[in-house]
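A.B. asks: Assembling the complex is the task here: the two chains are given apart, and the hints tell you how they should meet.
These protein sequence lines map, in sequence, to chains A and B. Residue numbers are given in our numbering: position 72 of the first sequence equals residue 107, and the series is strictly consecutive. Residue numbers are given in our numbering: position 48 of the second sequence equals residue 53, and the series is strictly consecutive.
Treat the hints with care, since some could be wrong.
[Claimed, not checked] Only pairs whose alpha carbons sit at most 27 Å apart, straight line, appear in this in silico DSSO-like list of lysine-lysine:
1) A/LYS97 - B/LYS378
2) A/LYS134 - B/LYS261
3) A/LYS111 - A/LYS46
4) B/LYS111 - B/LYS40
5) A/LYS97 - B/LYS261
[Claimed, not checked] Reference listing, derived: stretches of chain A covered by chain B, where coverage requires no fewer than 3 residues with Cβ under 8 Å from a Cβ of chain B:
6) 113-123
7) 153-162
[To be verified] Across the chosen pairs, the derived CB separations fall in these ranges:
8) B/THR169 - A/SER154: 33 to 41 Å
9) B/TYR347 - A/ALA175: 54 to 62 Å
10) B/ALA465 - A/THR43: 17 to 25 Å
11) B/GLY262 - A/LEU133: 17 to 25 Å
12) A/LYS97 - B/ASP464: 23 to 31 Å
13) A/ASP102 - B/ASP464: 19 to 27 Å
14) B/LEU162 - A/PRO37: 41 to 49 Å
15) B/LEU160 - A/LEU133: 31 to 39 Å
16) B/ASP376 - A/ASP102: 19 to 27 Å
17) B/ARG371 - A/LEU133: 23 to 31 Å
18) B/GLY320 - A/THR123: 38 to 46 Å
19) B/GLU73 - A/GLU126: 55 to 63 Å
20) B/ALA368 - A/ASP102: 16 to 24 Å
The hints are simulated quantities; they were obtained by calculation from the structure and are not laboratory data. Even glycine gets a Cβ: it sits at the ideal position worked out from N, Cα and C.
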Amino acid sequence: MPDYLETTVDKFTFKVATDRFYTREGVWALPEANRVRIGLSDFLQQRSGDIAFAEVKPASTKVASGDEVAAIETIKVNVVLGSPVNGTVIEVNPDMDLKPEAINQDPYGAGWLAVIEASDWDADRSRLLDPQAYFDVMKAEAEEEAKKL
Amino acid sequence: MTDPFDVAILGGGPGGYVAALRASQLGARVALVEKDRVGGTCLNIGCIPTKALTTSTDLLVNARRAKEFGLTIPQVAPDLPSLMTYKQSTVDALVGGVEQLLKERKVTLLRGDGYVLRPDRLRVTDRQGAISEVTARQMILAPGSITARPPIPGLDLPGVITSTEALNVDGVPERLIVVGGGVIGLEFACIYEALGSRVTILEMLPTILPGGTDEAIAKRLALSLRRRGLAIHTGATVQSIESIECGLRVTFNQAKGLNAIEGDRVLVAVGRWPNTEGIGLSEVGVKLNGRAIAVDQHLATNLPNVWAIGDAVGGWMLAHKAMVEGRVVAEHVTGGQRAVDYRSVPNVIFTRPEVASVGLTEAQARAQGADVKIAQFPFSANPRARILGEAEGLVKLVCEAGSGRVLGAHLIGPHATDLIAEGALAVQVGATADDLAWTTHAHPTLPEAMLEAALGFRDATIHFHSR
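Chain B extracted, bound-state conformation (with noise of 0.2 Å):
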């Protein structure tokens, strides 16, 4: 048994490692629990190798458009081997970047199955089987999610496999079966698409993209991804899993009645489960919300000194959710006071063209009273977007019709994830259409088409007309 510890910290994905550092920071000596590498779903398993993976499909796919942009390239094809060994690096680089930064602020990490036996003290079991006990004055609660396991007949059989399998792309299926029609869904869909896979999306809910993404912009998904000959079924809700001769085969019930299809893998991608089984939380009577995390606005639980972040707290489990939690838990824990601004916390979804929003979509404003005015501007009138070739999708500002203030903002096309800063930025700070729009922007960029959209709030767009 050490000295007491001031903050132990279960779990170092992106919410617990933030935390860490942060309390660190702050003068607080850290214990950070971690059965794994560093990094947690996001690093390991999730963002970063997915993204890693779209960022290949996307240079696939535009280096076979090479001859629109005048060049020649004589042979353009995944090589699998090497693209597995891009994936890992950029993982590896990026896991040993935080281990790095753990060193420099001298965070004590330890690796193990982390248990809560105490409000004040967790257990530790190595990979060998050693036990050992950690005490601190606070604790943090960052164990993460779960990859989600409906109740579906067949989820067992070879060939149906979830992301974690999707990431090691050790062949292209001929027909591949997306269960899911969510973010991870999605982009699983456009890699395996570019790598050359013919893909079927298979949604429970009547649209793609369901819960917190705008309705037109999801519609606009769609279309693009049908246009590009996937097929999208929505409220199609799967019954079964079986293995037949040449695959396997999906039966789904749609409202006009039973349907199946067959593939050679099915990937299902239902979403996430907080990961709050077998951690000693219900012995020690922490509080839990179905399967999450119950915490108040501070992120406190029903346990004095206890708190939780990211993941495990449920709502949007994404990853720089769990990071500004886990900086403001830091302050908490060191005497600070502060609280998550969820509004502007942005959604990202890297298909192909990307997908991104932040604050309320059309439909939640007017469900909210608000008076709206929707200013849009489409990515085909935008320069930057012509020269890309990404000409398609585009930008919708949903703004407080008499003061304009920006209450939500949604993008489709290209670049849409990195655009969207500017948007989280305009509804953190109550920005008005016309603040964005006498933000001069440069020429010729993506982001003018936030400008230009924001002018519509005025009818003053310059490049589009409408008649």
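Isolated chain A, as found in the complex (with noise of 0.2 Å):
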């Protein structure tokens, strides 16, 4: 298990999990050996709302950073994710079809995407944000948010 920054904004509560890195828009990237597994932060899977369906680009997909490697339906929008790495998809969540409600339930667990054969980490990882950097813009856009309602 993993443990969390924690932070509650106008009664919700957002988890980030100190373990990964992350993208701005709150996709995270867990460095396993060679490859890494990507999903959706807690702040963004509670912003999108229940998810209907997910679609991952499927295995053998090439991805370049910031290119959609999966998109999210809910009730209200559609979410394009970007993807953190550059790489080779090698896995999809193979739940995502049947059960993608995962991303809401446990984001950072079972609520995982892909897995993505990454062809430079090194240089992904400098661009993504640590756990606590993410958690700081994450804060700061939760709070903004709570202040326009």
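C.D. replies: Next up, the structure:
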């Protein structure tokens, strides 16, 4: 179980797992040897809402950092997710078809989207946010949104 | 031998009876030969009775969800004999209606097996074996189709059924295996699932609903069915069906090797074949294209004054396609000129959720070299769909990128089979996404999803956001 940074904004609690890296948009990247598992941050999944449908690019799709690697559909939004890394999709979470709600229930665990064979993880990692940096970005965004409501 | 008719029609299905009614309306003296009841496959053992069953089973599914709608329905269960009565009385009423119309229009209905003797003459053999002949200046062949029987060992075993037997629900098998993931197989899969069967679908091709259904839509339907617990095996070629102690075993071949599943009943629904054998066609020299009657764009066969319509000419085997062909050919035989616009013939599938499409799929449009823009909208963001508790699915419009002309409309979701009419009109008149978007659609209704999808062409969707 990873450790979490946690904040509560306007009665919503958001967690950031500290064992991985993030894009500003809230896609996490967890290195596993030369492979990288990806998924949605807790904030991104809560902000998107109940996920009805998740479409992940199939295995053997080549993606560049920032390219669409998955799209999720909720009641009012379609969210295109950019890949946090350069590489090739080698595995897609088989549960995404039948239980995309896993993203809402367990964003850092069972709700992972795909595993990507990264072509240059060190370069990718230097572009990604560490947990504290993402936590700060996320918190600022959450507070900004809370103000608007 | 009676006086010659203006038109003799072989087959009283949706193609044949519509041709008869229209030709008569245009002043022709018409003889219609039908071996069974008018209405053909569609009315008697196809569209109509299956839709009676889907209506009942949809109601059953919704009644089980009564709590969600704030209702208490203490006991919800199918009553099979009453279900059969409802189905049959619906069919009978509609058959009676067609018979009444034929009478009103003074069409001579000849009951018996028709056989083409000459391009202007039919022989009719009635149930008692009495033979008569009909002569006419023009002949329309509308013999319909028959259930396809693939060469699979075990097809004749008890418990192995076709759609015709599947309509007579005398019991609900605990485990139903459906061979064929096309329209017929999937509709019955949903009917029996609602009645309580555990359903497994075997499809030979890589996806269910092969041919003509937009890939994204077919994929959504497969997901929806699998989420409900139906098992789907694609790329599965059935090798054999055999009787075992506790039911039937179906062996099928997949890329990963041989596999077998067991069930209590096996529904074989691998499509239909044109019904062109044993009715004198080859003897009289009607040119066939495989099993189908070869026709030109005016529905004329190779023989003068002999026309053919409906399932027997192949292509999409749809009652409404046969009906429009019947209307077109009725004009031809009475001296008029018209052609069928096949682009705007919709295809509808009464699964749960429903699927419907018209025009080009995204893949077809791209293959034709069209510069395409996709505009879509999910039913999850349509208020009426949420009220109905059926918020699953989407509208997908395939538009020409520059002009916005609607090339195709593809839907999965509540009442998709009704909603497709607007898409068919759009394709028929060459409407653009803007035309749809600036046609105000009533709120709160399902057709608003068409408007919202059309707005997507200009990235102007109101009730859905993409980021």
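A.B. asks: Look at each hint and say if it fits the structure.
C.D. replies: Each hint, compared with the structure:
no.	hint	result
1	A/LYS97 - B/LYS378	23 Å, holds
2	A/LYS134 - B/LYS261	25 Å, holds
3	A/LYS111 - A/LYS46	22 Å, holds
4	B/LYS111 - B/LYS40	19 Å, holds
5	A/LYS97 - B/LYS261	26 Å, holds
6	113-123	holds (count 3)
7	153-162	violated (count 0)
8	B/THR169 - A/SER154: 33 to 41 Å	58 Å, violated
9	B/TYR347 - A/ALA175: 54 to 62 Å	57 Å, holds
10	B/ALA465 - A/THR43: 17 to 25 Å	37 Å, violated
11	B/GLY262 - A/LEU133: 17 to 25 Å	24 Å, holds
12	A/LYS97 - B/ASP464: 23 to 31 Å	27 Å, holds
13	A/ASP102 - B/ASP464: 19 to 27 Å	20 Å, holds
14	B/LEU162 - A/PRO37: 41 to 49 Å	56 Å, violated
15	B/LEU160 - A/LEU133: 31 to 39 Å	33 Å, holds
16	B/ASP376 - A/ASP102: 19 to 27 Å	22 Å, holds
17	B/ARG371 - A/LEU133: 23 to 31 Å	29 Å, holds
18	B/GLY320 - A/THR123: 38 to 46 Å	42 Å, holds
19	B/GLU73 - A/GLU126: 55 to 63 Å	37 Å, violated
20	B/ALA368 - A/ASP102: 16 to 24 Å	22 Å, holds
In the structure shown, a violation is registered for the earlier hints numbered 7, 8, 10, 14, 19, in ascending order.
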